[in-house]
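Trainee: Residues per chain are reported as follows:
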Amino acid sequence: MIGEFIHTVVSMTVPILLAALGGLFTDLSGILNIGLEGMMLSSCFFSVLAADMTGSVVVGVLSGIAISTAFAGITAFLGIKLRANIFVAGLATNLMSAGLTVFLSSTLLGSKGTVTFTSFEPLGRLQIPLLNDLPLLGRALSGYNILEYLAFALVIITYFVVFKTPYGYHLQTVGKNPETARSVGISVEKHIVLSFLLSGVFCGLAGAVLSLPMRVFVGGMSSGRGWIALVAVVLGRGNPLGVLVASLIFGAASALSNLLQAVTNLSADLLLTIPFFVTLTSMVVYAMRKQVRHD
Amino acid sequence: MWFRKSIPPLMSLVISLLLGLLVITLTSSSPLEAARAFFLGSFSNSYFFGNMLASAVPLILTGLAAAVSFSSSAFNLGLEGQLYFGTLIGTYIAYKLGNFGSWTIVVILGAAFISGGSVAAVSGYLKSKWNVNELISSLLISYSLVYIVNFFLAGPFTDPLAGLAASPYVSEKLMFSKLMLPSSLHSGLLLAIAVSVVIYLIFSRHTWGYELRITGRSQFFASYGGIDVRKTWITAMFLSGGLAALGGMIDVLGIHGRMIKGFSYGYGWNGIAVALIARNNPLLVIPSALFFSYLESGAQVGALMSDITPEVARVIQASVFYLVTAEGLAFFLKKRRRAKTA
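Just so you know, the protein sequences line up as chains A and B, in that order.
Using our numbering, the first residue of the first sequence is number 1, and each one after it goes up by one.
Using our numbering, the first residue of the second sequence is number 1001, and each one after it goes up by one.
The set of hints was computed from the structure by calculation and includes no laboratory data.
Each hint should be verified, as a subset may be incorrect.
[What the hints assert, rightly or not] BS3-like, lysine-lysine: derived pairs with alpha carbons at most 25 Å apart: (1) B/Lys1261 with A/Lys290; (2) B/Lys1129 with B/Lys1178; (3) B/Lys1129 with A/Lys290.
[Said to hold, decoys possible] The following label-pair restraints were derived from C-beta to C-beta distances: (4) A/Leu137 with B/Ala1154: 37 to 47 Å; (5) B/Ser1171 with A/Tyr149: 44 to 54 Å; (6) A/Asn85 with B/Tyr1210: 18 to 28 Å; (7) B/Tyr1224 with A/Asn85: 20 to 30 Å; (8) A/Lys190 with B/Pro1287: 34 to 44 Å; (9) A/Phe277 with B/Ser1187: 35 to 45 Å; (10) A/Val161 with B/Ala1154: 20 to 30 Å; (11) B/Leu1022 with A/Leu109: 13 to 23 Å; (12) B/Pro1287 with A/Gly73: 44 to 54 Å; (13) A/Val285 with B/Tyr1224: 26 to 36 Å; (14) B/Gly1226 with A/Val285: 29 to 39 Å; (15) B/Ile1193 with A/Asn85: 42 to 52 Å; (16) A/Glu121 with B/Phe1220: 52 to 62 Å.
Quick caveat: nothing in here was measured; it's all calculated off a predicted structure.
The C-beta atom is built at its ideal place from N, Cα and C for all residues, glycine as well.
Using the sequences and the accompanying hints, generate a full structural model.
Mentor: Spelled out as structure tokens, the structure:
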């Protein structure tokens, strides 16, 4: 029972975590990417569509990454090259993704509602031999799909990239002090664009991990996870481990909402607000504590 | 010179219409008919034309709502939820008050305004007090409000006979009068235009409008000049949320007669685009909202008369959004041309 709940927490955490790790890169470059939600949603649609057309999950994941990265590129291009307000460009990305996916779903698949895909094998659950047999914890540690394991590996990889590589140092300098970065010959614009493209890759994975295991698409299925991920970025304060902790809290809130929907007869509509309340409260508490530290 | 500044927006509109033409050509089996229905259908009879004008009404108000918050440099992204929540409260009061005569309309609109404004003001307060990012907080609150309102529409405040999640009908007497039957155009349009003028006057003539705009340009300059920046943000968010809620309430009292789940889908987001095209000018919000309702209505007529899906409007609207963000677009194209000739 406990093991099962932890399993759900982890599964609910992963899409938020992946999107937040992506958002972390743009945050380090000094800009919040508010297009995470839309990029994720576009990948939900394109990954499941491509997997269905080709019969290959790998092609599906890659297509999801491709579309999400393309949206990230457009957002960054507008913000950097065309001098658009980058928040507004991110909003446009969210809107375009929501419109485009429903439009294509309606045109190509003939449905604006939930579409189920069947012509590819769903992502298998990997049972890890010894861990799987542990009492209680077996279910909590094993039986996830490959993308879910990858998400946690990416936390560690991101940590090393940010804190142990020249690229990471450059990126942090760009975000903290662009003038210094320029004076030592680091291109601020290039780093911002690159960080956006990276956020695209991560959001592509986040979208794929939402739609591929269930093999369904429905309009707006990212349902605010991109925004919650954005808060995880803010609370993570530039550290992938911080982002992980914040994502776990929000994943737990979503899992709690799911659990209560299953075992109580409280209104699903009301229970669905739990993740948003938890996210909002964490953000306010964080801001209050920050204020106190500054005073 | 406002018209010089508005050349890039106009260019964006033309490009987006061409994009629309392209999408229609690609997806329709009879592109000519579909394009004609999309571009001209709204003007073909008074029914379509009146409906197009009616659907501009909520967009004018959400456009104003966005313009007010953006002008003060507070990013209100919660328009959807503020509108939805304010409309629920207003509709409930309208339903309860029933037959008390036409003065009740003021109470109803006021209640919607205050409810929508209050939830937006929470984000303004959090920004002023603890520097909580208002863009994210307003959005998270908005998401929750949509679920909460849906709960009421499906349960405590539902019409059991409706067959869908919707409130009971409000009294017929409370409805705005129809202006162009059989279309749904109603006198709420005049109210929306009047509100635009009032906001324009506040922006251009009133001290508070001045303080709002100075705060938007530079909060440091504003506070140096003795303006209470924090209070300005809270009031701006309140006004913004209130205007959005007014848009939803007028839509209910003008067209639906009751609150239907999801009736306002997209009003908030499109209002932001409307304000961007209008460059936050309250008077230009009106033509800008009309352009958006023209796209919406064209897609509806096109779907009726040919084989395109009404969702085509959402793609075109989003491309308008992209294009108007690119303030440097004209500059960028010019520079490239110069680079080529050089």
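Trainee: State for each hint whether it applies.
Mentor: Now the hints, each set against the structure:
1. B/Lys1261 with A/Lys290: violated (39 Å)
2. B/Lys1129 with B/Lys1178: Not satisfied, since the Cα-Cα distance of roughly 45 Å exceeds 25 Å.
3. B/Lys1129 with A/Lys290: With Cα atoms ~12 Å apart, B/Lys1129 and A/Lys290 stay inside 25 Å; holds.
4. A/Leu137 with B/Ala1154: 37 to 47 Å: holds (40 Å)
5. B/Ser1171 with A/Tyr149: 44 to 54 Å: violated (60 Å)
6. A/Asn85 with B/Tyr1210: 18 to 28 Å: Cβ of A/Asn85 to Cβ of B/Tyr1210: about 23 Å, so the range 18 to 28 Å holds.
7. B/Tyr1224 with A/Asn85: 20 to 30 Å: holds (24 Å)
8. A/Lys190 with B/Pro1287: 34 to 44 Å: holds (40 Å)
9. A/Phe277 with B/Ser1187: 35 to 45 Å: Check passed, 40 Å falls within 35 to 45 Å.
10. A/Val161 with B/Ala1154: 20 to 30 Å: Given about 47 Å between the Cβ atoms, the range is violated.
11. B/Leu1022 with A/Leu109: 13 to 23 Å: holds (21 Å)
12. B/Pro1287 with A/Gly73: 44 to 54 Å: violated (32 Å)
13. A/Val285 with B/Tyr1224: 26 to 36 Å: holds (32 Å)
14. B/Gly1226 with A/Val285: 29 to 39 Å: holds (33 Å)
15. B/Ile1193 with A/Asn85: 42 to 52 Å: violated (28 Å)
16. A/Glu121 with B/Phe1220: 52 to 62 Å: holds (59 Å)
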